[in-house]
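> Let the hints inform the model, and build the full structure from the sequences given.
Numbering of the sequence shown is given in my numbering, commencing with residue 122 and proceeding in unit increments.
Honestly, the hints are just simulated from the structure, not real lab data.
Please note: incorrect hints may appear among the correct ones.
What follows is a set of in silico ranges between Cβ atoms, one per label pair, in the way DEER data are often shown [said to hold, decoys possible]:
1. V181 to I126: 17 to 25 Å
2. V181 to G139: 36 to 44 Å
3. V181 to C147: 22 to 30 Å
4. S134 to V169: 38 to 46 Å
5. A137 to R157: 30 to 38 Å
For every residue, glycine included, the Cβ atom is placed at its ideal position computed from N, Cα and C.
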Amino acid sequence: DDIDIFAGGISESPLAGGMVGETFSCLMGEQFEKLRKGDRFWFENPGVFTKGRCYSLCHVTFHC
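This is the structure in structure tokens:
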């Protein structure tokens, strides 16, 4: 039960449809959330856009 986080993470089976297991998935999700919240230019952070503009941006669809 006492194993290094990296060794344990790479030994896990990938989640359904994913490339990493539960441990790395959780760690990457938490890291992305911290990066997003710490980015003063992230469009969802307070003071960047109005609530209406932010709502509009969240519902934009790009077609290529």
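> Does the hinted range 22 to 30 Å hold for V181 and C147 at CB?
Given a distance of about 29 Å, which is inside 22 to 30 Å, the answer is holds.
> Take a look at whether the Cβ-Cβ distance between A137 and R157 falls inside 30 to 38 Å.
Violated: the Cβ-Cβ distance is about 25 Å, outside 30 to 38 Å.
> For the hint 38 to 46 Å, verify it against the beta carbon of S134 and that of V169.
holds (39 Å)
> Using the Cβ atoms, figure out if V181 sits within 17 to 25 Å of I126.
Roughly 37 Å apart at Cβ, these two residues miss the hinted range, so it is violated.
> V181 and G139, beta-carbon distance inside 36 to 44 Å?
violated (26 Å)
Of the numbered hints listed earlier, those contradicted by the structure are 1, 2, 5.
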